[in-house]
Amino acid sequence: MGDTEDNVKQEKKVVFVTVGTTLFDALVRTVDTKEVKQALIRKGYTHLVIQMGRGSYTPTKSDGEDGSLAVDYFTFSPSIADHLRSASLVISHAGSGSIFETLRLGKPLIVVVNEDLMDNHQSELAEELAERKHLYCAHPQTLHQTISDMNVESLLPYPPGDATAVAKLINRLPT
Amino acid sequence: MTIASLFTPSIITITVSVVLIAITRVFYILCQSGKPLYPSKSPKPLSTLIVLGSGGHTAEMINVLNVLLLKDRFCPRFYVAAGTDNMSLQKAHLLEENVFNLNEGPQVVLCNGPGTCVPLCVIAFLFKVVGVRWSSVFYVESIARVRKLSLSGLLLYKLRIADQFFVQWPQLQRKYPRAHYVGCLM
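Chains as they are written, first to last, in numbering that gives the first Met the number 0: chain A, 0 to 174; chain B, 0 to 185.
None of these hints come from the bench; they were simulated from the model.
Heads up, some of the hints might be wrong.
List time: in silico PhoX-like cross-link candidates among lysine-lysine, alpha-carbon distance up to 20 Å [said to hold, decoys possible]:
hint, chain 1, residue 1, chain 2, residue 2
1, B, Lys43, A, Lys167
2, A, Lys167, B, Lys34
3, A, Lys167, B, Lys70
4, A, Lys11, A, Lys36
5, A, Lys106, A, Lys42
If we strip away everything but chain B, and leave its shape as in the complex, we get (with noise of 0.2 Å):
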């Protein structure tokens, strides 16, 4: 083996040094997850999805946009439903003016629950990863979930992938320390 050789760049060096930075990005992003969404004063306002399931979920998101929308801080503001549910669009439209299409990553996403959140806050996760867009997942847990979570919420918690989670059931927050206890909802 010739001294040059250690030098050329393998195969294996290059795919060590891609996975190190893509771990060490992970950690960071994770690390980073969770702390406040304004270190500065001035607000800016921030593009936000709002991931509506059926029936109940909805009911439960429409509550906390009721008072989370009262600052005008999240917007524009996009809307998801499950391509069965109508419903719970309509109940966007009575909330809103405009209801329009995200071309965009956001930049906070909120979620409770409905199985079709999970791939969206791992692609926002993995745009985090990725550098392309910075954003904010809190996930709001049912308020039917009284003594164990959802596995939405099981997959979003245990990945770390949620950087605010809520729970409305104080036994809940005991068997998951890092969720926020925040009353019921409904």
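Bound-form chain A, shown alone (with noise of 0.2 Å):
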């Protein structure tokens, strides 16, 4: 579909990616790629935001104004929530911070796993939530196919989290 004109004059829908405060150049490098870039435009997507941590690949900043996916990065920002709440996709590492915090806001989420973390239990939360389809749970390697074939409109909403049973059995009131 060539729908150059249409895309300029389309609403801006941003792709905010984050690593949070870990160093997880393999995700940066793969957002970067010529696959997720097309995958992301022919759904529908115009900006791509990088929050790109300690990592040491820095991807190639664009305008946009070829029609491409429109491309920018930073390190740090004290204002993750801003840009979260900006965004009409989140592409983000498994902490469960980042993951909470995008849920709460109701926004699609890929998580992506780090395979170069250690001790890799993160990816237990993300496996759990992906089940239940609150987000998608994808690997560097398989970014591209999880984006071509999500549909953000199948997930569904995740409840708040409550602490009253904790409190209760802490408390041991009478229920």
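Using the hints, build the complex out of the two chains.
Here's what the structure looks like:
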């Protein structure tokens, strides 16, 4: 589909990529590939904003004039929440903080598991939440496929957590 | 061998009795663990030690405290965080007007997973064995643990140091039946 004019006029749809405080060059490198960018354009996204953290791989910036994806990046920011809020899709590392912050905002989320971590218990949470259809779980090599296959409409909203059960047991209140 | 020497307490008999008393004491404590905090109807305030970890752990703990502290049973409250973690203590300061220093063993220990909590819980347990201070240890396993316990969690569960052990996923409760399943905190 070559509706380049339509793409230009089309509303801004931002994909926000975040690695948090971790070192996750594999993710930054992956979102900077042609396959992933093309998959995102095909899904109607217009902008790619990458929070790259401590990584050493620097993505290529682009203003997106030629109908391609506009790409921008930064290392850290105190206003990650604002970036999440203005995003139409979030691609995140598997840290529980980023996952729940995104889910609470009701944003479609793809979690990319860092295979280089020694104790990779983090994938447990992403896989469980993916099974419950709250997010998509991918690996750096499969990210472009996940983007092509995803249907953000089919994701289920995540119900907010509840600490009353714990508090009750600690208090041993009569029920 | 004379009859008198049989009655002289040897080092061996002293050692054996001390070990037996210690074992009995440990068993007594294990049996008493997990009993309700208030057998009486007029609850007295309980000094509470809250162990904060990094990022995700602290966020989960804050969620528990937001509900738990609605009733002012748990006071005074003391917070500990890993030496490198300034953010967590800042968050505790946001929640509390005063953050004190702890100079006496707490009556309640509340923790959720950072490695720093294990030695503190062991000390709390030893205080019980020696009879210095009786306390209840509550451990909440992190939401990030779906299929396997963390090392801290596993130690406190297996050694029965935690009076009550909470998990946030049903499959963990099936694997560790003494744990309580409490649903997701985040």
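Each hint tested on the structure:
1. B:Lys43 to A:Lys167: Holds, because 17 Å separates the two Cα atoms, which is no more than 20 Å.
2. A:Lys167 to B:Lys34: holds (14 Å)
3. A:Lys167 to B:Lys70: Within the cut-off at roughly 11 Å; holds.
4. A:Lys11 to A:Lys36: The given pair, whose Cα atoms are some 15 Å apart, holds under the 20 Å limit.
5. A:Lys106 to A:Lys42: holds (15 Å)
Going down the numbered hints, you'll see the structure goes against none, and every one checks out.
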